[in-house]
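Single-letter residue listing:
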Amino acid sequence: MVSALDVVVVDDDPDGRRATLRVLARAGLSATGADSAETGWRLVREYQPRLVLLNVVLPDHSGYEVLRRIRDDPALVDVGVVMLSSVRTPEDRTDGLASGADDHIERPVASNELLARVRANLRQTDLVHRLRASEERFRSLITQQADAVLALARDGTVRFSNPAAEALFGVPAGALDGTPFGAPLPGAGETEVEIRRDDGTTLHAEMRVAESEWDGEPAWIVALRDVSARLALEEQLRRSQRLEAVGSLTAGIAHDFNNLLAVILGASEDLREFAESADVRSLAEMIGIAAARGADLTQRLLAVARRQLLIPGPVDVGALLADLEPILQRTLGGLVSVEITVDPMPWSVLVDRGGLESALLNLCSNARDAMPGGGRIRIETANVEYGSADPTRPEDLEVGPYVLLSVSDDGEGIPPENMEKLYEPFFTTKPHGEGTGLGLPMVFGFAKQSGGHLAVASEVGRGTRVTLFLPRAEPAVVEVPDAGPTVDRPRQGDLRLLVVDDDDLVRRILVRQLEHLGYRILAVGDAREALDALDANDDIALLLTDIRLGGGMDGYGLAARARERRPDLRVVFMSGLAREGLAPDEIPDDPVLGKPFRQADLAAVLASALA
Amino acid sequence: MSELILTLYVAGETPGSRRAATNLREICEREMPGEYRIEVVDVIEHPAVAERAGILVTPTLVRRLPPPTRRVIGDLSDGEQVLRQLLDEVEDDAADTAAQPTT
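Chains as they are written, first to last, in the working numbering: chain A, 1 to 611; chain B, 1 to 103.
Chain A with its partners taken away, still in its complex shape (with noise of 0.2 angstroms):
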């Protein structure tokens, strides 16, 4: 602050003082003046001037005694005090520059010797000023930085920390300086570092540092920056690519194995029904049920990467809860209860209905083993409408209407070390055998390909709770039944089937197949074959092609093309993935069939489609 005041003149002569003042006043400065101590130092206090001159001899206190009241006043950091006397001794001259006097100035005085020692002495204080405002602006810029900032000695000791370093430190204001920081060897760049804080945990930071001084002393300035949320994003990225590179692999693999067990199951169930002894008949009987068993192997590994066939319709939870509920109680045993509470206004979702089941029975036996002595699986669904302001809302939802289904237990509970491992594929904590580790990772899954979410918060000792939140299905649409029509083995004589596969093994068991469900059948290997024979026989009712096909064009295209010529044409997909690289809104009207698939399964979507 620059005062209205420049001169305040202390002096109890009369003749001096008025001359005094006059030389100023004739050079254009603003002065008043005082004839005590006491004076002197009111008018001080309340001008706060730019320069005191000050009698060292005043009627009532020394001179000294006002320039030790200014020098310990904080308000009057910027006022310069110069001293008036008549020299005796050398002394004189010394005191009071001791004692924080900026001059001293000798009488008697040519009254140009004291207007330029006056305009000296004002140059000097309105330095010493605007050094001390801009070293002001400048703590406060440190002060008020984002990034904790310490500046330390050359022996590593913390001279100066700011705010943001005491916080990211977690101490008290000032505890920092003082203590052995060490020394922060400046080098190219930024070094990682973890910060000890001081409730025992640990952040990580990056350092930056800077040689420069401090007060005066060459210092270094380190720079500290909280980055342990960028790292645990980048942590959280590197999961979400890994399980993405899984979902890759685990598809391809289970779309070429889906393929060998329509084989296998196909193969086995005409076997079965063939056999002339009941051996034979037995052994077809293994076969079928391990192929299913593959298939249902296969079905949960499509799930964790998250492209299982889905359809999604709305489902309502309440009563889907309530068919479930009974075959909840028989298949958990007779230690566990289940207690379910269906909000009372309870919302649809839009799910597929089967993902839903699987992955409910998947949440209570997990619920079952964490309660090996028995116990309680409480089931609750509750309506949420989520804001995009929402601080409930996990991350990674979409704003919008949900339904939470949440599955607890009061069992031994997940300890902290593996709650970030639960959705990693075939981590498990069940012994060898027991746990194939994609219970969790499939419901994950089936979650997040639903345009859902999973949460699970858990307590040692207390129990586990499991929230599914499923997206709410538009209220005006009324639930379809999902069970087809049942056919067994219908008589279509006159109706032709065409029959696209790339896999000779697949279209050959098929074959098989649709002639014992009384199709007849023309089977061929890809797209363009499909559309020859499609000109050639206009008796085909039905397309039956796969999804996937060799030769540059896969089934969709194929039934696209082939409704171009024949816009009647039945068409079923079957698939040995189900999405193929579609969006859920882009995935036709047209049935599809997973692969493998029993014959009755074949029958039933076939009679439909051509009902």
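No lab work stands behind these hints: they were computed from the structure.
We put the beta carbon where it would ideally sit given N, CA and C, even for glycine.
Be aware that a few hints might be false.
[Stated by the list, open to error] The following label-pair restraints were derived from C-beta to C-beta distances:
| id | chain 1 | residue 1 | chain 2 | residue 2 | range |
| --- | --- | --- | --- | --- | --- |
| 1 | B | 77 | A | 137 | 34 to 44 angstroms |
| 2 | A | 374 | B | 40 | 41 to 51 angstroms |
| 3 | A | 206 | B | 49 | 17 to 27 angstroms |
| 4 | B | 33 | A | 233 | 38 to 48 angstroms |
| 5 | B | 40 | A | 327 | 49 to 59 angstroms |
Assemble the complex: chain A is given as a structure, and chain B must be docked to it using the hints.
Only chain B this time, still in chain A's reference frame:
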């Protein structure tokens, strides 16, 4: 030259901690084979030790002997600078008295 007694404080198995340990062993083995001892303390496993030593960040290298105690922060990748600190070839010779080992 008297024997160097060094303690390297690290926090678990972070890349920075591993780099610091590797760099330190290289420097010592190259410049003063047989004349040093290194103790590595994991501050997560031994929080009380880190507390007593007043360790604020990791990795921190502490020269416990000969006196005065010296501290160096970072992954010790600049061998020249680390060596200057360890061998007292620094302009400011002030002792780090507050950090005298209490263990």
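Hint by hint, here is what the structure shows:
1. B:77 with A:137: 34 to 44 angstroms: Cβ of residue 77 (chain B) to Cβ of residue 137 (chain A): about 36 angstroms, so the range 34 to 44 angstroms holds.
2. A:374 with B:40: 41 to 51 angstroms: holds (48 angstroms)
3. A:206 with B:49: 17 to 27 angstroms: holds (26 angstroms)
4. B:33 with A:233: 38 to 48 angstroms: holds (44 angstroms)
5. B:40 with A:327: 49 to 59 angstroms: At roughly 57 angstroms between Cβ atoms, residue 327 (chain A) and residue 40 (chain B) fall inside 49 to 59 angstroms, so the hint holds.
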